[in-house]
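These protein sequence lines are chains S and Z, in that order. One gets our numbering by counting positions in the first sequence from 1 and adding 299 to each. One gets our numbering by counting positions in the second sequence from 1 and adding 478 to each.
Each hint should be verified, as a subset may be incorrect.
[To be verified] Chain Z is faced by these chain S residues, among others (derived, beta-carbon under 8 angstroms):
no. : residue
1   : Val415
2   : Phe424
3   : Tyr432
4   : Pro543
5   : Ser545
6   : Ser563
7   : Val567
No lab work stands behind these hints: they were computed from the structure. Given the structure is predicted, the values throughout are model-derived calculations rather than measurements. For glycine and all other residues, C-beta sits at the position ideal for the given N, C-alpha and C.
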Amino acid sequence: MTHTSSSGTVRKGGTAKRNGRGLTGLLLVSAPVALLGWLIIYPIFNAVARTLFTAGDEGLHFSLDTYQRFFTDGYALNNLWLTLWVTAVCAACLMAICLPLALYLRFAKSRVAAVVQGLALFPMFVPSVILAYALIRTIGPNGGVDLVLNAVGLPKINSPYLTPWGPVIGLVWDNIPLTTLMLVAGLGGVSDNAVEAARDAGARRFALLRYIILPQIGNAMLVVLSFTVLGIFSAFTLPYVLGPASPEMMGPFMQRTFSQLSDSRMAVTQAVITFAICACFGAFYVRSIAKNREARR
Amino acid sequence: MTTADLTLAARQEPTVPTRKTKRIDWLGLAITLALGIVVVVPLVVVAIWAFAEVWRYPSILPQEFGLRFWEATLSRPDVWQAMSLSIRLSLTVTLLSAVICLPAAYAFARLDFPGRNLLFLSFLASHAFPKFGLLVAIASIFLNLGLVSTFWGVVLIQLVGTLMMMIWIPVAAFQNVDRAMEEAARDAGAGPLRVFWSVSLPQAAPTIGAAVLLSFVGTFYETEGAWLIGAPEIRTMPVLMITFINNQIVVQYGAVLSVLLWVPSFFALMFSRRLVGSSSFAKGFGV
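If we strip away everything but chain S, and leave its shape as in the complex, we get (with noise of 0.2 angstroms):
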């Protein structure tokens, strides 16, 4: 009600002070725009624009030589390879633990949810250093987990440490905040009385899961990959202080041909073909977004 009479009397003090409002609102919000233009749009354009034209003797000319240079060659195609399969099973994984877990988050009405949806969150306060820090010292080799193991006289863990199933963990642990809440919110379209219903008609818990609250949660499943996916595929400081020196993945492969090699091209051509493979994933992404705002409005 209130909403309408506002905007209203805007309507109402006539086109000037509408163009007034539009100039303000405009100017209010440039300087943002104008970083995210000079420092992201920009930029993506830029790295298309520097890989694919080389300045010869006469002016640009249209090149892919840095990009056969990758795709022929095996310790980058390893990498690339590395680095997809390290997405996939971190996705994988978090679906099969924050599933679960945003399910039990949604529907559980007990004083213990509380303290689950506080422990499920811990992982967003805690900065990725420390936590690559805490798994050496924790799962590492002669760590906290071989500790225990050597004390009821069991074998030592094969430890994850420097091999990919590192990052494999480090990225799981990060990203399980995010993933369950994001999951949760989805969840919260699937009301209480469709589930007390099918429940009422007998239906058994995975039916439940299967016909009534996977139908209607898949735009959210679909979301929640395309974002893990994202960020996973570029995570740099987990994969390099917990993954294997080689393969390694794209973010520490990018990081050291700019500044270890000093092959800024290169690199600019390595982050451009990790922006074609997530291509997919974030004009779904934007799709739903633009949807969802859409549908709120």
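Starting from the known structure of chain S, arrange chain Z on it as the hints suggest.
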């Protein structure tokens, strides 16, 4: 068995919980236990290391406890330099971010201007690019501008990282301000600035405060941009921490730094849990 396996194993039971009952929530307790082990134990191990003076392998607890390594860590000049640099960086970035983003957030929430939806969407869409690739693309531009390895180069890159959080959380805050109260103030003769200052802002302030705090803490811990753009001159706390981990100088240095570094995030946890737990937070990510 790794920690991740433990979590998986603990979740094998069916997970659609029962209706409202007074029964003990066994499933909840099982999940609490599993999460507790996976989430808390690594941090406890670090905390023990920070206070251990001697801890040789098969012993389950350190042979000697003490504060010797706190003194050793805190007497290192590089630790103090990194700490002061990190605090200066985070303050600068958060302040700049608040100055440019909060007015923009107000405009997005309450004013009508051409291109509003498209521009707002483009902020949300900036998440659709893999972050590290984007950083590399920015770094190659900064290289030509001479911004690599400078304070302001790192400020700029970290500023971009805060844009999203500092816009969409305050937008939600301004949208939730009670319009009836604003109307009432206006009817009582208050000017627009007065209405904003005395009515709108106080209502939005707690949420905005949480966003500012999250930005500060997020910037303090930001590692990728600082590492890529700042190296080798600009060494923030997280960057120093990575160096300590890689060089494996003294185990306790890293442990002491971890405990120290965790203090700010503890405050963030205290003050912003309600915001983070709310559904509007997750909605910002497009669910």
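Hint by hint, here is what the structure shows:
no.	hint	in the structure
1	Val415	5 angstroms, holds
2	Phe424	4 angstroms, holds
3	Tyr432	5 angstroms, holds
4	Pro543	14 angstroms, violated
5	Ser545	15 angstroms, violated
6	Ser563	4 angstroms, holds
7	Val567	5 angstroms, holds
In summary, the structure is inconsistent with hints 4 and 5 from the numbered list given earlier, while agreeing with the others.
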